[in-house]
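For the protein sequence lines, the chains are A and B, in the order given. With the first letter of the first sequence counted as 1, position 10 gets the number 10 in the working numbering; the numbers rise by one all the way through. In the working numbering, each residue's number is its place in the second sequence (first place is 1) plus 326.
Among the clues, some could well be false.
Just a sample of chain B residues kept apart from chain A, beta carbon distances all over 10 angstroms, derived [unchecked claim]:
(1) Val387
(2) Arg443
(3) Gln496
(4) Val585
(5) Gln588
(6) Arg600
Straight line, CA to CA, 20 angstroms or less: simulated SDA-like cross-link-like pairs of lysine to any residue [stated by the list, open to error]:
(7) B:Lys490 to B:Ala472
(8) A:Lys137 to B:Ile586
(9) A:Lys115 to B:Gln604
(10) A:Lys140 to B:Ala579
(11) A:Lys115 to B:Arg600
(12) A:Lys137 to A:Ala225
(13) A:Lys137 to B:Val589
(14) A:Lys137 to B:Thr478
(15) A:Lys115 to B:Lys490
(16) B:Lys435 to A:Leu253
(17) A:Lys115 to A:Leu253
(18) B:Lys435 to A:Lys140
(19) A:Lys140 to B:Ile586
(20) A:Lys194 to A:Asn215
(21) A:Lys115 to B:Val589
(22) A:Lys115 to B:Pro603
(23) A:Lys137 to B:Ala579
(24) A:Lys81 to A:Lys194
(25) A:Lys115 to B:Ala579
I should point out that these hints are in silico values taken from the structure, not numbers from a laboratory. C-beta atoms are modelled at their ideal positions from N, C-alpha and C, and glycine is treated no differently.
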Amino acid sequence: MAIKILKNISGENKAALIIFILMGLLPIFISGYIIFILPQYMLFGLLAVSLCILWGYSGIISFGQAAFFAIGAYTMGIVFKGGGEINPAYVGIVCGALLSGIVALIVGYFLFSVKVRSSYFVLATLALSIVVEQLAKSQKDITGGWNGLFVDRITLTIGPFIEYSLFDDIPMYYFVFFITLLSFISIKWLMASKFGKILIGIRENEDRISALGYNTSFYKTIIFAVSGLLAGLAGAIYGSHAGFVDPSLARVLFSTEVIVWVAIGGRNSLIGSLAGGILVASLSNYLNSVTPEYWQLIIGMIFFIVIIIFRDGLAGGVEKTYNKFF
Amino acid sequence: MEIVVSVLIDTALITLTLALAAFGLAIIYGLIGVINMGHGAMLTLGAYFTWAGMGIGIPFVFSVILGGLIVGFIGIILEHLIIRHYYDNPFDTLLLTWAFFLVTTELIKIFFGPDFRTVTNPFPGFIDIGFYKIPTYRTAISILTAIFIIFTGFVFFKTTTGIKIRAMIQNQEVASLLGLNISLTYKMVFGFGCFMAGVAGGLVAPMVSVSPYMGDMYLVRSFFVVIVGGIGQILSGTLAGSFVIGGLETIVALFSDQVIAQVAVFLFAIIILRLRPQGIFSEK
């Protein structure tokens, strides 16, 4: 029975299934630093997915994903600082995601509705990243300036009586794990729907899709907003997990890292991007401790090679190997 | 009146300095359509080579030229090995030059260290016009920029090389049928753009702290200069774009702080991008 079900699902879903089962079981076998840090990489993985749906699926490159991530993280920090009647964690997550989504919607509408060239769009997102970073640095009263903001760990509440703190690593791990899983499934569903197919059509031939009667600007705006929403969600939870947000979250270099993750993971594959985010961020962290001088150079070199030679990234490589042997 | 004159002088200096920084980018983008994301790193390289040249006793002017030549040479190598295979795919050239930027920035950090460096100002002091003191060095490089632009304009419109380049932009196929060596022309244009970026880096070095990330800010501003001025309008467009971006920044900074001015300029450029994607003064 189980084998029969396994046969019916596609290779990419199989890979996703394996990765999620592995991540779900991991805390049983190991503990300590890895369990502490892995949720952060899962959130980076979600950030990578937020770029994948733009770059891989819709043919739009954004150099501003860090800006949306930072908007989410800062919203979380500001909500926590403000306090209030309702659980600040819920307010922070919802507002962080919505605010990023709305900013993306406005920027997307503003630029796509007049069919701005895609290379100009890249520059506009680059500028967005810098604007957010500069604002975070300069508006000291709200954002704490260079010093950033401290954020508490999330406490889950159901009704007025049930409280569950995610202060320990394992509860936090599973919370982030389920958020990642749910977001991934939703995005996967969205991309498999008619909406996702139209986006792929836009990537392949925008003129033809628009000749078929679809308003391509509308679809591009919506996917950009969804991407912003997802990046903001990941950022809000990241703020609470890291306990700290600072302007470096919005810097262009961080946006670049997201592009590197997706390029290495495989721009056409959602699970490839997620895995790319998790793996490359772990690798960066590892290299950073081994060779602090050279790790960014190594990542840069890998980026070069991936763009020139392995255009489908890790996901493409795995798929080819898999098809060869099975 | 005196304030107006001093603001005008300031604006002129800022316009020309920005035009200098953006010129290399405008040439490459306008003539061969490559978005050179490595432009900022090339500026930084030029600044570091100038610093290193002066460190071993070469005079400032020759250090700048030498720095520009090395950067131009690096650009030609990059073009020959990688970029020329991707001319028909603008997105790939964008990513590849960005990868160049990443690798170069890291190499700069490894070779020169992450610390700030200073290049001694060759012309310290001011030109005193009574009510306002104009920094001598900035005046010098502004004049130099004007000369660069006029010289390029001369080459572009009055020489055979210029005619060939213009023919190539107008119709690549026919130009190559007429015996124009397209790939060589592309290579020379790319190399010249990189050379100008290196020279610009060397020339702005005495006015800023030289650090591995100094080019980043110039990269984005240069792009906006090119977009606001209009792509393909290499000479007048670069000047007009620099005037709008630099002038606006100066004026907004008068009323608020530097950061707000920068943010305002970026938002303005995004609005221009939408309302007049062909550039603020271009017709069509």
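Hint check:
Every CB of chain A lies more than 10 angstroms from the CB of B:Val387, the least distance being 32 angstroms, so the non-interface label holds. A cut-off of 10 angstroms between C-beta atoms confirms that B:Arg443 is not in contact with chain A; the least separation is 18 angstroms. Listed as a non-interface residue, B:Gln496 keeps its Cβ farther than 10 angstroms from every Cβ of chain A; the least gap is roughly 20 angstroms. Here B:Val585 does not stay apart from chain A, with its beta-carbon only about 4 angstroms from theirs, under the 10 angstroms limit.
A cut-off of 10 angstroms between C-beta atoms contradicts the statement that B:Gln588 is not in contact with chain A; the least separation is 6 angstroms. A cut-off of 10 angstroms between C-beta atoms contradicts the statement that B:Arg600 is not in contact with chain A; the least separation is 6 angstroms. Pair hint B:Lys490 plus B:Ala472 does not hold up; C-alpha atoms about 24 angstroms apart against a cutoff of 20 angstroms. A distance of roughly 11 angstroms separates the Cα atoms of A:Lys137 and B:Ile586; the hinted pair therefore holds under the 20 angstroms criterion.
For the suggested pair A:Lys115 and B:Gln604, the alpha carbons sit about 12 angstroms apart, so the restraint of at most 20 angstroms is met. For the suggested pair A:Lys140 and B:Ala579, the alpha carbons sit about 19 angstroms apart, so the restraint of at most 20 angstroms is met. This hinted pair checks out: A:Lys115 and B:Arg600 have alpha carbons roughly 9 angstroms apart, not beyond 20 angstroms. Using a Cα cut-off of 20 angstroms, the hinted pair A:Lys137 and A:Ala225 is violated, with the two alpha carbons roughly 25 angstroms apart.
Restraint check for A:Lys137 and B:Val589: the C-alpha separation of about 12 angstroms stays at or below 20 angstroms, so the hint holds. The suggested pairing of A:Lys137 with B:Thr478 is violated, with an alpha-carbon distance near 40 angstroms, which exceeds 20 angstroms. Annotation: proposed proximity of A:Lys115 to B:Lys490 is violated, straight-line Cα distance about 33 angstroms (limit 20 angstroms). About 15 angstroms separates the Cα atoms of B:Lys435 and A:Leu253, which keeps this hinted pair within 20 angstroms; it holds.
A C-alpha spacing of about 27 angstroms is found between A:Lys115 and A:Leu253, which places the hinted pair above 20 angstroms, so the restraint is violated. Distance restraint check for B:Lys435 and A:Lys140: the Cα-Cα separation of roughly 30 angstroms exceeds the 20 angstroms cut-off, and the hinted pair is therefore not satisfied. Note on A:Lys140 and B:Ile586: the hinted pairing holds, with a Cα-Cα distance of about 13 angstroms set against a maximum of 20 angstroms. Simply put, A:Lys194 and A:Asn215 have alpha-carbon atoms about 14 angstroms apart, close enough for the 20 angstroms limit, and the pair holds.
At roughly 24 angstroms between alpha-carbon atoms, A:Lys115 and B:Val589 are farther apart than 20 angstroms, so this suggested pair is violated. Taking the CA atoms of A:Lys115 and B:Pro603, the gap is about 10 angstroms. The hint holds against a cut of 20 angstroms. Distance restraint check for A:Lys137 and B:Ala579: the Cα-Cα separation of roughly 17 angstroms lies within the 20 angstroms cut-off, and the hinted pair is therefore satisfied. At most 20 angstroms may separate the alpha-carbon atoms for a hinted pair to count; A:Lys81 and A:Lys194 exceed this at roughly 42 angstroms.
For the hint linking A:Lys115 to B:Ala579, the alpha-carbon distance of about 32 angstroms lies beyond 20 angstroms, and the restraint is violated.
Checked against the numbered hints listed earlier, the structure breaks hints 4, 5, 6, 7, 12, 14, 15, 17, 18, 21, 24, 25; every other hint is satisfied.
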